[in-house]
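A.B. asks: Read off the chains here:
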Amino acid sequence: MAYTEEELKKELETKEYEYGFYTDIESDTFPKGLNEEIVIAISKKKEEPEWMTAWRLESFRYWKEMIEPEWANVKYTKPNFQDISYYSAPNSKPKYESLDEVDPELLDTFKRLGISLDEQKKLAGVAVDVVMDSVSVATTFKKTLAEKGIIFCSISEAIKEHPELVKKYIGSVVPQKDNFYAALNSAVFSDGSFCYIPKGVRCPMELSTYFRINQAGTGQFERTLVIADKGSYVSYLEGCTAPSRDENQLHAAVVELIALDDAEIKYSTVQNWFPGDKEGKGGVYNFVTKRGICEKNAKISWTQVETGSAITWKYPSCVLKGDNSIGEFYSIAVTNNYQQADTGTKMIHLGKNTRSTIISKGISAGKSQNSYRGLVQINSRADNARNFSQCDSLLMGNECGAHTFPYIEAKNKSAQVEHEATTSKIGEDQIFYCNQRGIDTEKAIALIVNGFSKEVLNKLPMEFAVEAQKLLEISLEGSVG
Amino acid sequence: MELKEKLIASFMAFENEVDLADPVHEIRSEALKNFEAKGFPSRKSEAWKYTSLERLQKVDFSLFPKQDNALEYKDVKKFFLHEIDTYKIVFIDGVYSSYLSETTHDGVDICLMSAALTKEMYKPIIDVYFNKVASREDSLVSLNTAFAKEGAFIYVPKNKVPRKPVEILHFSTGSETAQMLQPRNLIIAEENAELQVIERHQSLTDNEILTNSVTEIFAGRDAIVDYYKVQNDRESASLIDNTYIDQKGKSHVSVHTFSFGGKLTRNNLNFFQDGEYIDSTLKGVTLLGEKQHVDHHTLVHHQQPNCESHQDYKGIFGQRSTGVFNGKIIVDKIAQKTNAFQQNNNLLISDKASINTKPQLEIFADDVRCSHGCTIGQLDKEALFYLQARGIPKKEASALMMYAFANNVLESVRIKELKQRINKLIAKKLGVSLGFEL
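Protein chains in written order, with our numbering: chain R, 646 to 1126; chain P, 44 to 481.
There may be inaccurate statements among the hints.
Here are some chain R residues pointing at chain P (derived, C-beta under 8 Å) [stated by the list, open to error]:
hint, residue
1, N1043
2, T1049
3, I1053
4, K1058
DSS-like mimics (lysine-lysine), calculated; alpha carbons at most 27 Å apart, straight line [claimed, not checked]:
hint, chain 1, residue 1, chain 2, residue 2
5, P, K371, R, K1070
6, R, K1012, P, K371
7, R, K997, P, K334
Some chain R residues flagged as far from chain P (calculated, every beta-carbon gap over 12 Å) [claimed, not checked]:
hint, residue
8, E693
9, W696
10, D922
11, N1095
Keep in mind the hints are simulated off the structure, nothing from the lab. Glycine residues also receive a C-beta, built at the ideal position from the N, C-alpha and C atoms.
Start from the sequences and build out the full structure, keeping to the hints where you can.
C.D. replies: Written out as structure tokens, the structure reads:
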């Protein structure tokens, strides 16, 4: 009767993507391929001012000169960038004033995801800027936020209505030519979220966006810009699920966070895009550039739960520019079947008395490969900088791999850097201990995995913790209770 | 002419000098081809990200010594571990010095690579071991292989133990303005054999020296090999040390690296575990000042189940020195029950010094215990205060703490006199006299 690891493995293998469904909404889609005309067309379509079009074109020219990076510890067939349609928007436009006007099919999709808008509105007090295939379809709670002077809208709206803010900050943390995918995103980003918290304001609710990729053959190029002005606070949530699909989908998002003096940004992500089936077919390519900059006494905290995507390539980073600033990174990355994840963080210490914490938990099952890649850099002027890093890996089955590539560079004698990493499997003695106390093996594994990831799960906002649990369940069903 | 072109051009002359009928002729040509294709590694390659060979390539090195140089024992006595009796294999500017050496063929062979490569009686051994564990991909190793001619050759047959430790010393006299040396060592300890080796490269001049050394070590079943590398060279000397170790079941091999000097030192230390119940130990103390640079690149490849590896590297970096540690552990799928431990602790004691460290784990087996820890920090101010409060001057107090910091590594040194010697070197480096030995 004992539930063995063998059985668990079998169960994991046969576990199909539960949230795989496809919403049939007619979309307004561009022809495949990428050239200057397409870039101009996207910009025109979005009724953007001239400076934005020029900025996009500049990025596109950088991108043309760049080559795709190959250093990550992942293997995949490179996407053909000329075989992707770079714009797709649900055509049930224009914008809705209330939920009743929204396409019922769309609403149904969210219901099946368990994130129905009205429920969200009532229950959690979360303003949801829903992004369905790149265009913001519904924005709620805008009024409440507006009273506080908080701007929370889609980035295309921000470009039109708050050009001074966008112009000042876009590309200031992730420059256009930062890397291959950032350049691509800068050229063709379709939409995304924009958030500005004025001086001294504490955002009263968790801001959140749900991203979904929902149009066959369209890459998703989101652009997120969060600006926390002096002394403000915001907690931002981002979560995603995508339908089952055979062909690979490309996702190259850019997220920029700006925390001015004494501000704090908490950015949480739950990512559960289609990871491919158990043969490793299909699945989303997730190549994301996320970076935040901290001015004096500011704090940026990244929390992520990564369970989806066939390929994940993601390093949410903090540039600790101001004195006494703080960077944090909490991550759980789960890979199963043929998934490959190469994820981690960069903490760049520039200011004095800067501190950073990195807690990374990797869980590999099936035939997956899970890598942690991180950089802690203490520059010569960063007196009394402090870093603590911990990377733990849990291996399930003997066909998966766990890797760590931590880079530590210190150029200041007052720096204190600690790095720890462990790799282990669920011990037979641990299971035996639980069995002895009447806990069956399945529950025992759940208990252990839960305990293993607890440090990170605890960092998630309440509303998200529930969803994160749900996603861990899907990825490692049978092992998480 | 850049160094690469010069090396390639001189290969012909070199090959004419040695016997073309030489059995390793083919290995040499093959290796040169690899070097020719790849050249010197640049900082663009991940493994050389933090260490640049740019400057060295511009130096006009003389590749072959033009004359034989002699040294008086009394002048170089201090570089020997003279407190105890040892076998000695001594080279002066890359040429064997029979006057300073003490070799043997009594039960074990402690002699020269040139003899092993050319004498018929050693052919079976060379065929089995030469260039078998050293990388054929690495361009610098290939470069050494192409010019492999001289070095130490130690062969300890089954169940034998040499009477005393072996010292391998390389002196450079500076008879040329700039000299490049490429010693090649082959060390074999067969089943149940035991061996202790101390290796040292010492420049006696301010002329530029570049050493590109390759050592292959084979440890048979149940063999025990202790290898100590003492690196305390002058500011004008650079060393690229490539060591490859092949271990069979139940063997114990330990390598201690003491890096106290040299302009640029790169240690590539590679362990391959080819059997079960193997124990590998890699330890190092790095204590640098001035503009010195040390780069430790270690690899432990666990290829079989039930093995262990222990790594412990301590680094103290002062003045404008820079340090690099890159420790890679690979655990193959079948290497279950592996126990791999790695630790790298660093003290930065100057604002201008820097350290780059990258402990790296690549694990493909699930039932393993692998851990690595890495720290960069300073001396504990409170502990320092505690010592000062008890009348120990600050300088001595911090030296004492640095001793303690490095002591873990010294504990496992099995030659008492060597341990004392290292202690003295540390004290000298720190500029203190503690009046007692740890």
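A.B. asks: Now tell me, hint by hint, if it's right for this structure.
C.D. replies: Hints, verified against the model:
1. For N1043 (chain R), the suggested interface contact is upheld, since its CB lies about 5 Å from the closest CB of chain P, less than 8 Å.
2. For T1049 (chain R), the interface hint holds, since its Cβ comes within 8 Å of a Cβ in chain P; the closest pair sits about 5 Å apart.
3. At a threshold of 8 Å, the smallest CB-CB gap from I1053 (chain R) to chain P is about 5 Å, leaving the interface hint in force.
4. Taking 8 Å as the C-beta contact cut-off toward chain P, the hint placing K1058 (chain R) at the interface holds, the least distance being around 4 Å.
5. Between the alpha carbons of K371 (chain P) and K1070 (chain R) the distance comes to roughly 20 Å, so the proposed pair stays at or under 27 Å and holds.
6. In summary, the hint linking K1012 (chain R) to K371 (chain P) is supported, as the alpha carbons are separated by about 22 Å, within the 27 Å threshold.
7. For a cut-off of 27 Å, the pair hint linking K997 (chain R) to K334 (chain P) stands: about 26 Å separates their Cα positions.
8. Every beta carbon of chain P lies more than 12 Å from that of E693 (chain R), the smallest distance being close to 38 Å; the non-interface claim holds.
9. Listed as outside the interface, W696 (chain R) is consistent with that label: its C-beta sits roughly 36 Å from the nearest C-beta of chain P, beyond the 12 Å cut-off.
10. Every beta carbon of chain P lies more than 12 Å from that of D922 (chain R), the smallest distance being close to 23 Å; the non-interface claim holds.
11. At roughly 19 Å, the least C-beta separation between N1095 (chain R) and chain P is larger than 12 Å, which holds for a residue marked as non-interface.
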